[in-house]
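Colleague: Sequence:
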Amino acid sequence: MNTIGVPVGGWAAIRFVADNPGVWFMHCHLEVHMTWGLGVVLIVKNGQGPMETLPHPPADMPRC
1 MNTIGVPVGG WAAIRFVADN PGVWFMHCHL EVHMTWGLGV VLIVKNGQGP METLPHPPAD
61 MPRC
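Using UniProt numbering, the first residue of the sequence shown is number 1, and each one after it goes up by one.
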């Protein structure tokens, strides 16, 4: 199964193995949903190459 239906006001928990280091963007199949903020970025541990490594945030970056 690769699709999950969530009822109005509902939620879903998805468990998966993340074993491919890097930053991965995931979104719905409807592009308009991205303008509504319905996208997510998955950050998987640093790898060995520059395309698989996350840079450290700037020292002066404010915390949330």
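Don't take every hint at face value.
[To be verified] Computed Cβ-Cβ distance ranges for the label pairs, DEER-style:
#	residue 1	residue 2	range
1	P62	G37	19 to 29 Å
2	Q48	P7	41 to 51 Å
3	T35	A13	19 to 29 Å
4	P57	G10	13 to 23 Å
5	N2	V44	34 to 44 Å
6	E52	P7	35 to 45 Å
7	I14	C64	18 to 28 Å
8	F16	E52	33 to 43 Å
9	V23	R63	28 to 38 Å
10	V8	N46	33 to 43 Å
11	H33	A59	29 to 39 Å
12	W24	C64	15 to 25 Å
For the record, the hints were derived by calculation from the structure and aren't laboratory data. Note that beta-carbon positions come from the ideal geometry of N, C-alpha and C, so glycine has one too.
Colleague: The structure should be examined with respect to each hint, and the outcome stated for every one.
Modeller: Verification of the supplied hints:
| no. | hint | result |
| --- | --- | --- |
| 1 | P62 <-> G37: 19 to 29 Å | holds (21 Å) |
| 2 | Q48 <-> P7: 41 to 51 Å | holds (43 Å) |
| 3 | T35 <-> A13: 19 to 29 Å | holds (26 Å) |
| 4 | P57 <-> G10: 13 to 23 Å | violated (34 Å) |
| 5 | N2 <-> V44: 34 to 44 Å | violated (19 Å) |
| 6 | E52 <-> P7: 35 to 45 Å | holds (37 Å) |
| 7 | I14 <-> C64: 18 to 28 Å | holds (24 Å) |
| 8 | F16 <-> E52: 33 to 43 Å | violated (18 Å) |
| 9 | V23 <-> R63: 28 to 38 Å | violated (20 Å) |
| 10 | V8 <-> N46: 33 to 43 Å | holds (39 Å) |
| 11 | H33 <-> A59: 29 to 39 Å | holds (35 Å) |
| 12 | W24 <-> C64: 15 to 25 Å | holds (21 Å) |
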